[in-house]
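Given the coordinates of chain A, assemble chain B onto it according to the supplied hints.
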Amino acid sequence: MTIEARRDVFQAIADPTRRQIITLIARSEMNLNSIADRFEISRPTVSQHVKILQECGIIGIEKRGRERYCRIKPANLREVADWVEPFRVLWEDKLDSFEKYLNTLQSKAKQNEKRKRRG
Amino acid sequence: MKKENEEAKRTITLTRTFNAPVKLVWEAWTQPEHIALWWGPKGMEVKVVEHDFRVGGRWEYTMDMPDGSQFISDGVYSVIVTLEKVFSSANFKPMTAGVEIQALFEDKGDKTNFTFNVIHPTEEYCEQQKKMGIYNGWGSVFNRLETVLSSLIAR
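If you read the protein sequences in the order shown, they are chains A and B. All you need for this note's numbering is the position in the first sequence, starting with 1, plus 1. All you need for this note's numbering is the position in the second sequence, starting with 1, plus 6.
So that you can see chain A by itself, here it is in the shape it has in the complex:
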């Protein structure tokens, strides 16, 4: 079963690295290289997070010369500022945990069925 990749503001902030990136470029626009320099993780991984943020509509990327500059799109972050929304991420986590548990139950049930059929 695949969980549909969500591309919204909540997906954007669900990851700690992405939250850090948002915080970083919220102060001023930055190019991809200087963002990557601030993290211990690999450049492609940072790049991947930046891409997700762009897909979530949180940041815009502008190419100037050889450099790609990332800038925050504040309007789209407004949604999160709504006062109940921080709770959403926590409930998503809980449902993820429930779903994972459910899937293990389900596969156990299927195994038992097979065993029974085999006799």
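Zero decoy hints are in this set.
Only part of the chain B face toward chain A is listed, based on derived beta-carbon distances under 10 Å:
#1 Ile18
#2 Val31
#3 Trp35
#4 Phe98
#5 Val124
Since the hints were derived computationally from the structure, they do not count as laboratory data. Beta carbons are placed, not taken as given, at the ideal position from N, Cα and C, and that holds for glycine.
Quick look at chain B alone, frame taken from chain A:
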């Protein structure tokens, strides 16, 4: 209409389709031996202190935090319709109190559509709680982001 809008504003709705028949989803969601295994974050042991699964019955789950504090979830069931829905009041101490949670199950053969609503109390009530410091438990997860957000939105 105005009231409905207001309630929508303080409701979080999550929907999922689970790859399991409704009977299994129902059992995993409502039976204490199952709940203990998924309720907590990974690696966190959940104790089911009370689980009186009937309308008016009380439930309480606790988790011991690494720092020695305790995280307590409790509530009272208000609606139970087997294989269909469970509504309950809920408190998540020390984070929030006075929430209503609604779990709705829809039989789709070998799949189950699941809708989960969390209705938060009125904004005034939450403001009050904030002043009492009940939200402190959220820690710094959102604090930094919130600071950034509010400055951005003020622009």
